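Trainee: One-letter residues, chain by chain:
2 protein chains.
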Amino acid sequence: MQWREPPAIYFQDPGSPAERSSYLVELHADDGGSYDVVNDASSPAARECCAQQSSARHNWEMNYQEAAIYLQEGENNDKFFTHPKNAKALAAYLFAHNHLFYLMELSTALLLLLLSLCEAPAVPMLRLGIFVHATLELFALIVVVFELSMKMRWLGFQTFIRHKRTMVKTCVLFVQFIEAIVVLVRQTSHVRITRALRCIFLVDCRYCGAVRRNLRQIFQSLPPFIDILLLLLFFMVIFAILGFYLFSPNHSDPYFNTLENSLVNLFVLLTTSNFPDVMMPSYARNPWSCVFFIVYLSIELYFIMNLLLAVVFDTFNDIEKRKFKSLLLHKRTAIQHAYRLLVTKQRPSGISFKHFEGLLRFYKPRMCARERYLTFKALNQSNTPLVSLKDFYNFYEVVGLKWKAKRNREHWFDDLPRTAFLIFKGINILVKSRVFQYTMYTVVAVNGIWILVETFMLQGGNFFSRNVPWSYIVFLTIYGVELLLKTTGLGPVEYLSSGWNLFDFSVTLFAFLGLMALAFNMEPFYFIVVLRPLQLLRLFKLKKRYRNVLDTMFELFPRMASLGLTLLIFYYCFAIVGMEFFAGVVYPNCCNTSTVADSYRWVNHTVGNKTVVEEGYYYLNNFDNILNSFVTLFELTVVNDWYIIMEGVTSQTTHWSRLYFMTFYIVTMVVMTIIVAFILDAFVFRMNYTRKNQDSEEDNGIVLEKEISKEEVIGIIELYKRTSAATETAQLQKIVLQMDKYGQMSTVFLGRRSRTKSDLSMKMYEEEIQEWYEEHSRKEESQTPLQEPASASSSSLKPLSLRQRSQTVI
Amino acid sequence: MQWREPPAIYFQDPGSPAERSSYLVELHADDGGSYDVVNDASSPAARECCAQQSSARHNWEMNYQEAAIYLQEGENNDKFFTHPKNAKALAAYLFAHNHLFYLMELSTALLLLLLSLCEAPAVPMLRLGIFVHATLELFALIVVVFELSMKMRWLGFQTFIRHKRTMVKTCVLFVQFIEAIVVLVRQTSHVRITRALRCIFLVDCRYCGAVRRNLRQIFQSLPPFIDILLLLLFFMVIFAILGFYLFSPNHSDPYFNTLENSLVNLFVLLTTSNFPDVMMPSYARNPWSCVFFIVYLSIELYFIMNLLLAVVFDTFNDIEKRKFKSLLLHKRTAIQHAYRLLVTKQRPSGISFKHFEGLLRFYKPRMCARERYLTFKALNQSNTPLVSLKDFYNFYEVVGLKWKAKRNREHWFDDLPRTAFLIFKGINILVKSRVFQYTMYTVVAVNGIWILVETFMLQGGNFFSRNVPWSYIVFLTIYGVELLLKTTGLGPVEYLSSGWNLFDFSVTLFAFLGLMALAFNMEPFYFIVVLRPLQLLRLFKLKKRYRNVLDTMFELFPRMASLGLTLLIFYYCFAIVGMEFFAGVVYPNCCNTSTVADSYRWVNHTVGNKTVVEEGYYYLNNFDNILNSFVTLFELTVVNDWYIIMEGVTSQTTHWSRLYFMTFYIVTMVVMTIIVAFILDAFVFRMNYTRKNQDSEEDNGIVLEKEISKEEVIGIIELYKRTSAATETAQLQKIVLQMDKYGQMSTVFLGRRSRTKSDLSMKMYEEEIQEWYEEHSRKEESQTPLQEPASASSSSLKPLSLRQRSQTVI
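In order, the protein sequence lines correspond to chains A and B. All the letters of the first sequence, read from the start, carry residue numbers 1 to 810 under full-length UniProt numbering. All the letters of the second sequence, read from the start, carry residue numbers 1 to 810 under full-length UniProt numbering.
Hints listed in this document are in silico derivations from the structure and should not be mistaken for laboratory results. Given the structure is predicted, the values throughout are model-derived calculations rather than measurements. Certain hints may be false.
Any copy will do: because identical chains look the same in the list, a pair fits if it lies in one copy or spans two.
[What the hints assert, rightly or not] Heads up, simulated SDA-like pairs for lysine to any residue below, C-alpha to C-alpha not over 25 Å straight-line:
| no. | residue 1 | residue 2 |
| --- | --- | --- |
| 1 | K544 | F235 |
| 2 | K544 | F303 |
| 3 | K345 | R753 |
| 4 | K544 | E300 |
| 5 | K432 | V507 |
| 6 | K734 | F101 |
| 7 | K692 | A682 |
| 8 | K721 | A682 |
| 9 | K544 | T673 |
| 10 | K541 | F303 |
| 11 | K354 | E768 |
| 12 | K364 | T673 |
| 13 | K692 | I769 |
| 14 | K331 | S382 |
| 15 | K721 | W450 |
| 16 | K323 | R691 |
| 17 | K169 | T82 |
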């Protein structure tokens, strides 16, 4: 990997400029050599670009930019047919692809969603006048219109109306607009179930890509899911008929007296929510009737429900793999496109550093010159000064690395005077020793037992006493000393680079804050004191399986969060619908006609001379505002006793309300099954991975080592000087100065990044990946001649084939 | 596969007899050439064997028998160290290895288990006097003693006391014996929790091998399971402390007033059984307290519980593969041992038919001569008359095939006269046509809707009317006609060979019986009428996924049944313990001091002039006899509202009773997780398999084709004539006659068997299997020289190495 060529060759000027111009020039050159269209472009960027048309540098700049766009599209899995096709589109593309725009998108979407806190059945504290919230809504919708128009500008009308998600969004926008205006005019809210569709604005956000992927995955898993669901429902119907025939002669059995009741109760039984109760009347009459229920539950709950999980898990597995494959190939194609834009006529075998640097300026503007060069060197595996296509394929793996000079000094205190060094070295050794670690574990364990015993002794009452308990102070002191020792022994940077230490640090900090709260008697912060037991989590570092599990947990966290968000979006839809139909329906002592009246009771009667409050509390599970709805929906998700909520609402409305609850159950079942399948898949994958790579167990990510000599640095400085990039030059000069200081001829840099799921998959599917590549390139080869004649006619839709054509011409 | 050598060579006498004698002779020849020990053997078999010592035939017979024993051991996964080591052991082995003995084992075990129906808290109808059931128990235990002594005789004392399961059984037997005698003497039952151990007698049965495997798998999955369980409990403790601090100031909250309550309620919350209720008092006070419960459930229920499944699933997967591997290698070793006993000095390269036939006579006594020869031919893949070791490795795959002459006639009616033939042919074509099939599906669907509508119209009351509804008769007639057409068109044998047709047949038969019951007014059989909707299951044939799912379901059925049995064994243990502690504890209106008193209420009061019965029914969930206990335990397994049962019992006994219920929950959680993992594994495996072998989707098992010429048959007859086996000769003669009749020179036979999981695994792990074999043979080679010096000293423990040694001598 390390070689010592005269590095100057890297920095040669690519010589002949404008070997290939940017697509703007190219496209219109195809149209007949006139640049009129480009000149018409109204955005300043486009105008500027046209003014400098003849300049080779400018053409290169355009190439860099387009290559960077291709690479971004590859990374974000954006399809290439949305690639900007002309200068106007490019301007819109650039406008719509930066974090400011994304943030605007996100905030309008959130604003629209949060409006439901203040609309009609509002949270009491947040209620707003109809005029206020309707105006806010209208404002947000206008912003969305603006966003959409930018998108249309970028995509062009043709692509725009073919893009399904965008079209749905447009329709929803239209409906919302009309409704908002109607509300403003009538000054009263009508039944607006369409508010449930507001979610689409959030889903369409650039930042919510993970949610979109989850939704896609859910929809892809649906067909097999529905098949098994039908099987489930079919058995349910058969058993409902059976149950009706068997148990309806028993008049004391309210569960099977009609076919509808029979069906509903068997549906609820599927969730086990009414289990022993539904059996009891018939069981009391004839003990053998339990066989019916046992058979039903065995088939439906223990067999078909698990089958459902199996089918979803299997589909999920399959989809994950296909997704990984298509993303991999998509990235590869993106790299190919970028590569074609960066090679020169003179040297078609690779990309020179100059062009690579130009690409990175657009792709990662924040990268410093040193990192750019290191990335280039890391990519370059051959002995030539050019990065070949084969090397360039690793672009995505390498560009994410964070580079740092490899320290010669092992510890932060190596430069200190001798005495200090020895002290710190001692601390370092102590802190790293097993004895110290196990002592700390013992302390934590003792602390845990202490807390448990202390809490057990309290038995209600005065546990937030004025005087701080001494045990708290003792343990906190020990933890404080440990923290101090570790920070000094390892250096704050190394200390905080470990997730576990970070955890220790924050828990100790919280404990300290809790102590403050206790000492200064700040009641609202007492809850911090209660977080002390979290310290005990450290004990789980002791066993390898726990470390594995917790590591995987942290790796999974982003994905889990996006799944949670997906679930919340479903919640939102159902909450809106629920609020529109069931707001204010349930109240204390409301459902006296139903079988669940007890749960809704609120009686305040006097027995003897004591007031006894008989509370059923279930009236709290209502749809009176969106927060209450969310809690109610969570209770429905947990499933236990959900039929009490369902029956309560049903008794106050019609029995069609059951449809709402049953649909919700099925939807959450889908999402939950997907979540379970996801967790299963991720863990099994991870464990298989560890089993396959027993040796690489302890590594914390991907590390690459590269050496740079002084001449190379000076070479880069020369290059930058020519392009007059002052900050970059200054940065590099600093490196040279440092080398001079330590008298080194070269410095070794370490590139690090954490391991992603994609890296793991790469390793797991190693063999298959090669096949995919071959298959892919075969397919491409076979497609190219076929597409060539067609590309001229459909040029506006297929920039790719155009690009390919122009490539073959050269 | 098919070759035409002069077949006579197969039937040559192996010439030199006694190339190697059976292990009996061998072993004692090792002892110094005297046969005294053998002569001492008291069993008649051994005496007979010694009398004929000098006869070569006899020695061959012994070799055949031992080879057959090896092959049986390989098939049943019996370890070779239990291989009988001398004539006495052999006699005991043969005595203890036949179905009569197995049946005796099973029935004594069942008798012991069933005794708990009649003992102390007995099922009222089955109550027996103490004297009666104690005597019965003593009798059964004596039978077990006899069985164990036979086993000791076969294994030898040394092996016997090293065999863990047998030793545990002996101890349990001893305890049970003493207790039974104590009961007989005292004439009263004491607290006999040890009755729960009776299960071991069932588990140890030969027929319960699958249960043993399941138990082993459960125990192997335990370590990772316990790890995650600890994580679960740890979080539970932390949250219990948190919950206690947060909610105990609220005096209207009974769930968190002490740390113990807090813990118990969070444990119950883990099962979601008390979900919205446990949250309600604090939620009513402060809506934000729901965050505590949402976080707890998200972490514990949705994350760690799924993690548990993932870990168990992963372990399960791994264990399944390792199990398959070890069984495969075990079988291979068994085949090697058998092979060594069957080759002759003159021809060490393979087994001749004569010896193979001798082996099969012991291995599968019911096999007819034709099948033996066909098995031999199917094994023999080379052109030589001998089966080499490589071919012999396929023994287990081939020996299970059922051979049938390939019919020249396609249909059963081919031999009928022309007119009849045409009629039947027409029916055949009609029955096989898609139109007919889809018509039937339509009829079934219409029938389904009809039943649904009919039931819906009934709405309680007179649904078992005297006059049979005409729709019933119409549909039954259609099904009857279909059945008739199919039977005549396909022939009864082909018709019933399909599982689906069998299903149709039995459902139609049941429907007919139901009609009879209706017509002749036999009330107890009315339930048959109710089975009609099952007919609808036929609709699921329409879609491939359902066929796949249902096929897999049937394939899984034996394994599922054994898992169910395993669960029942756990139930039994818990039922006994529950009966001993909680029998008669729960009764109507019993638990007035507890929070669940309502569920146990039974009030018969008068409102106005109507008697209203207020029934809680939960007093029915008791441990008053073993059947009730089973139902109660099933309710605990389903988990919903289990805390009502727990709290009821707890309020009548001590709060330590909770331990029983919590332990039961954890145990069923383990078993249920294993069941889920098993279903997941089986389905995912199956689906991967179908994905891998898209083409072989439609095949119904493994089929092999072999041709036998007339000369070959005559050759076999000659062979059998010499050994004077009259029945075999007659059988074979029949084949020759048949060939003569049709003027054929040869007949083609088809060998069929259904595909097993092992076959699927073989195909799935194809590549790895080769590696395993190589690794295995490497290991064996490296072990052989090592063991050789040791084998003389440990000869009584290691018959294998002895065998190997004797092999190397020759």
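Trainee: Does each hint fit the structure? Answer for all of them.
Mentor: Results for each hint:
1. K544 to F235: Between. Shortest inter-copy distance 18 Å satisfies the 25 Å Cα cut-off; intra-copy 45 Å does not.
2. K544 to F303: Between copies, since 19 Å is at most 25 Å while 34 Å is not.
3. K345 to R753: Answer is neither; intra-copy 35 Å and inter-copy 67 Å both fail.
4. K544 to E300: between (38 Å within a copy, 21 Å between copies)
5. K432 to V507: within (21 Å within a copy, 73 Å between copies)
6. K734 to F101: Result: close neither inside a copy nor across copies, 36 Å intra and 90 Å inter.
7. K692 to A682: For K692 and A682, both the intra-copy (15 Å) and inter-copy (23 Å) Cα distances are at most 25 Å.
8. K721 to A682: Answer is neither: 49 Å inside a copy and 66 Å across each miss the 25 Å cutoff.
9. K544 to T673: For K544 and T673, the Cα distance is within 25 Å only across copies (23 Å; inside one copy 28 Å).
10. K541 to F303: Between. Shortest inter-copy distance 19 Å satisfies the 25 Å Cα cut-off; intra-copy 37 Å does not.
11. K354 to E768: neither (35 Å within a copy, 50 Å between copies)
12. K364 to T673: Close neither inside one copy (39 Å) nor across copies (48 Å); limit 25 Å.
13. K692 to I769: Result: close both inside a copy and across copies, 17 Å intra and 17 Å inter.
14. K331 to S382: within (22 Å within a copy, 53 Å between copies)
15. K721 to W450: neither (66 Å within a copy, 88 Å between copies)
16. K323 to R691: Both: 24 Å inside a chain and 17 Å across chains, each within 25 Å.
17. K169 to T82: Intra 17 Å, inter 73 Å, cutoff 25 Å: intra-copy only.
Comparing the model with each numbered hint stated earlier shows that hints 3, 6, 8, 11, 12 and 15 do not hold.
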